[in-house]
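Colleague: My request is simple: use the sequences and hints to build the entire structure.
In the order they appear, the protein sequences are chains S and H.
Residue 223 in numbering that gives the first Met the number 0 is what sits at position 224 of the first sequence, and the numbering runs on without skipping anything.
Residue 59 in numbering that gives the first Met the number 0 is what sits at position 60 of the second sequence, and the numbering runs on without skipping anything.
Take these hints with a grain of salt, some might be off.
Claimed, not checked - To give an idea of the interface, some chain H residues facing chain S are shown, with a C-beta separation under 8 Å as derived from the structure:
| no. | residue |
| --- | --- |
| 1 | Gly-26 |
| 2 | Val-27 |
| 3 | Ser-167 |
| 4 | Gln-254 |
| 5 | Ile-266 |
Please keep in mind that the hints were generated in silico from the structure rather than gathered at the bench.
By construction, the Cβ of each residue, glycine as well, lies at the ideal position given by its N, Cα and C atoms.
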Amino acid sequence: MSEPHPPLRFLACGDAAVTVEFGSEIDPAINARVLALDAAVNADELPGLIETVPTYRSLMVQFDPLVFDYEAFEARVRALVPGLKTDAVAGRRWKVPVVYGGEFGIDLDATAARHGLTPAELIDKHAGAVYRVYMIGFMPGFTYLGGLDPSIATPRRVDPRPMTPAGCISIGGIQALIAGQAMPSGWHILGRTPVRTFMAGREPAFLTAPGDEVVFEPTDASRWEALEKAAAAGEPVAELVQP
Amino acid sequence: MTELVVASAGPLTALQDAGRFGWQRYGVGPSGAMDRLALALANVLAGNPPGAVAIELALAGARLVVEGGAARVALAGATATLKIDGRPAPPLTSVTVQPGQTVEVGAAAEGIYTYLAVAGSFALAPTLGSLSLHHRTAIGGIDGRPLRAGDRLPLNLAEPNGPDLMLSTVPKPDRGPIRVVLGPQDDYFSQTGLETFLSSTYTISEQADRMGMRLSGPKIEHGPKGYNIVSDGIPSGAIQVPGNGQPLILLADRQTTGGYPKIATVISWDLPRLAQSRPGTALRFQRVDRAEAVRIARATDEAFRTLIASIRPAGLSGLASGDLLSLNLVDGVVDAKE
Numbered sequence: 000m001s002e003p004h005p006p007l008r009f010l011a012c013g014d015a016a017v018t019v020e021f022g023s024e025i026d027p028a029i030n031a032r033v034l035a036l037d038a039a040v041n042a043d044e045l046p047g048l049i050e051t052v053p054t055y056r057s058l059m060v061q062f063d064p065l066v067f068d069y070e071a072f073e074a075r076v077r078a079l080v081p082g083l084k085t086d087a088v089a090g091r092r093w094k095v096p097v098v099y100g101g102e103f104g105i106d107l108d109a110t111a112a113r114h115g116l117t118p119a120e121l122i123d124k125h126a127g128a129v130y131r132v133y134m135i136g137f138m139p140g141f142t143y144l145g146g147l148d149p150s151i152a153t154p155r156r157v158d159p160r161p162m163t164p165a166g167c168i169s170i171g172g173i174q175a176l177i178a179g180q181a182m183p184s185g186w187h188i189l190g191r192t193p194v195r196t197f198m199a200g201r202e203p204a205f206l207t208a209p210g211d212e213v214v215f216e217p218t219d220a221s222r223w224e225a226l227e228k229a230a231a232a233g234e235p236v237a238e239l240v241q242p
Numbered sequence: 000m001t002e003l004v005v006a007s008a009g010p011l012t013a014l015q016d017a018g019r020f021g022w023q024r025y026g027v028g029p030s031g032a033m034d035r036l037a038l039a040l041a042n043v044l045a046g047n048p049p050g051a052v053a054i055e056l057a058l059a060g061a062r063l064v065v066e067g068g069a070a071r072v073a074l075a076g077a078t079a080t081l082k083i084d085g086r087p088a089p090p091l092t093s094v095t096v097q098p099g100q101t102v103e104v105g106a107a108a109e110g111i112y113t114y115l116a117v118a119g120s121f122a123l124a125p126t127l128g129s130l131s132l133h134h135r136t137a138i139g140g141i142d143g144r145p146l147r148a149g150d151r152l153p154l155n156l157a158e159p160n161g162p163d164l165m166l167s168t169v170p171k172p173d174r175g176p177i178r179v180v181l182g183p184q185d186d187y188f189s190q191t192g193l194e195t196f197l198s199s200t201y202t203i204s205e206q207a208d209r210m211g212m213r214l215s216g217p218k219i220e221h222g223p224k225g226y227n228i229v230s231d232g233i234p235s236g237a238i239q240v241p242g243n244g245q246p247l248i249l250l251a252d253r254q255t256t257g258g259y260p261k262i263a264t265v266i267s268w269d270l271p272r273l274a275q276s277r278p279g280t281a282l283r284f285q286r287v288d289r290a291e292a293v294r295i296a297r298a299t300d301e302a303f304r305t306l307i308a309s310i311r312p313a314g315l316s317g318l319a320s321g322d323l324l325s326l327n328l329v330d331g332v333v334d335a336k337e
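Modeller: Listed below in C-alpha cells is the structure:
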C-alpha cells in the first residue's frame, strides 16, 4: 500500500459531537485506522467524553460540551493519528450457520439467475468468502460486512420490503449484512441465520464487533429448528474459529 | 413496598431516563427523555437526581394509583394538569400522595412530552444500563414496551423524605429560530441548497415521533456528490436530507448510523423545545458556529442552574432554605452519564 492516506477531516456534528473522517471509501485499511483511533480515544479517558461510534471510515465522538475541551481533543487526535498501530486491534473469526434459499432466502434464486449462476454456485460464492465486520450500526446488532465477491455485487431493490425477519443474511451493492432483528429492507435476502447478534440479558449481549471476521457455514434446513431453539435459549450458535 | 399502579395510560406512555449511553457502537441508540430539561426539573422537584427514570407521557394523560405507602410526585414539561383524587395540584410543585389516592395527569394542552417523576424513582432492572424504552427494538421499559393499565411500578422509597418542593421562578419559553451548526455533510449541498435551508420556513409534518421528525418545505438542493454517503454515525439533532430534498431531524430513538448526508445538526440546548413542537409548527433555522454553540450551551446551562436553585420547600414561598441549597440539587443536571 504505497497510497498516501487521505487527509484527516473533522466534521462538526453540533456542539456535542464530532466525526473524525479518515476517507470516503469502504476500505479495510481505513476501517482499521478508525478502530485504532477508537481504542486510543477511549484509553485517554478525556473529561466529558460520552461515547464513540466507529463506522466504516470515520469515528463519531460524542461529548458533554460543558466539560469537553474540543480544541485540545482535535490537537490530540492530529498528534495521535500518524502513530496509530492498526495491527494492535485483534479481531476474532465467527463461523455463522446459514440456511440458504427457500423460505429462508427468498431472493436466492432470482439473485443467482441475475448473475447467470445456479443457486448452489451463488451459495458457494457467498459462503466462500471471509468477511470483515466494518461496523455494527443502524439498529442493535446489525453487522455490516465487507469482502463480498465483487462478481455477485447486486444493487439494492428498487422497492424495499416493508418488513424482513430477524437473522436475514443479505447483500446490497458490494456489502453483506447480518440483520440483528426484523426491519424493513431493500437488500437481497439469500438466507437466514438463527444467530442472535444481539440478545438483551445474554452474556455477552452482542456477539460481533467491528474488526472481527465472519465466515458463513451453509446449513441444512432440517437443522433450523434445533439451532433456533438453542439461540432463543441464549446460546451463541455462532462459533469462534481460528483464522 | 410502595408502588404506582397504572390505571390508564395513553399509547406512548413509557419509562425514560437521561438515556442509554455506550452502546451506539453496537447499534443501540441512546433513547432517553425527549425533553431532558423537563425530565431534570420533574426529578429535582421530586427530590431525585436529574437523570433518574420517570414516566414520559406524550400528548395523552394517564391515571396511576399509589399503593402500599405514600409517594411524592412532580410533573414538568408540556402544559398538563396534575390532579390528586380529582383535586388540582399547583404547577411545578411536588406533592405527597397517600396510599389509595389517584394521580391523574391531564392531556397536554401545549407541547407534547410531560414527565411524572416520583421520589426515589422506580425499583426496576435496567437493560444495558438504562430503563429508557426503545419501543421499536423492545429494549428497556417494562418488558420492552410502553406502560399499560395494570402495570405495577415499585418505588425505591417506602415513604418520601424531606419536604415537598416548588419552583419559585417560572421558566421562560424560548421561541427563537432553531440554532444549528452546519455539517457533518454540508459539503454534499449546493450553495443554493444551503441558502434554501437557512432562509426558508419548514413545517413539522405528521410523520414525527421519538425517532425523528420529517419537515416539509422548499426542496434542499444537493451538490454534485449526490445524496448517498458510506454510512456514518448520526448525532442527536442531525438533519438528514434524502433525495427528495425534505429534511428529517433525528432525535432520541434514532438509528445509530445512516447513509444520507446530514446538512446540519441542531445544537443540544435547542433539542428539548424542538421535541416539544407539534406537527404543523413552522420552524426556521439559524446558523451558529461550533464555538458559539458551546457559548450558548454554557449560558443556557447557567440559566437552568439558576432556575433549579430557585426551588424551595412548598408553602414557604420566598424563603430560601439553607438545608435545600446544601442538597446539591444542581450537580449533574446535564451529565449525560447520570
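Colleague: With reference to the structure, classify each hint as holding or not holding.
Modeller: Hint by hint, here is what the structure shows:
1. Gly-26: holds, 5 Å
2. Val-27: holds, 5 Å
3. Ser-167: violated, 25 Å
4. Gln-254: holds, 5 Å
5. Ile-266: Since chain S brings a Cβ to about 5 Å from Ile-266 (chain H), closer than 8 Å, the hint holds.
Comparing the model with each numbered hint stated earlier shows that hint 3 is the single one that does not hold.
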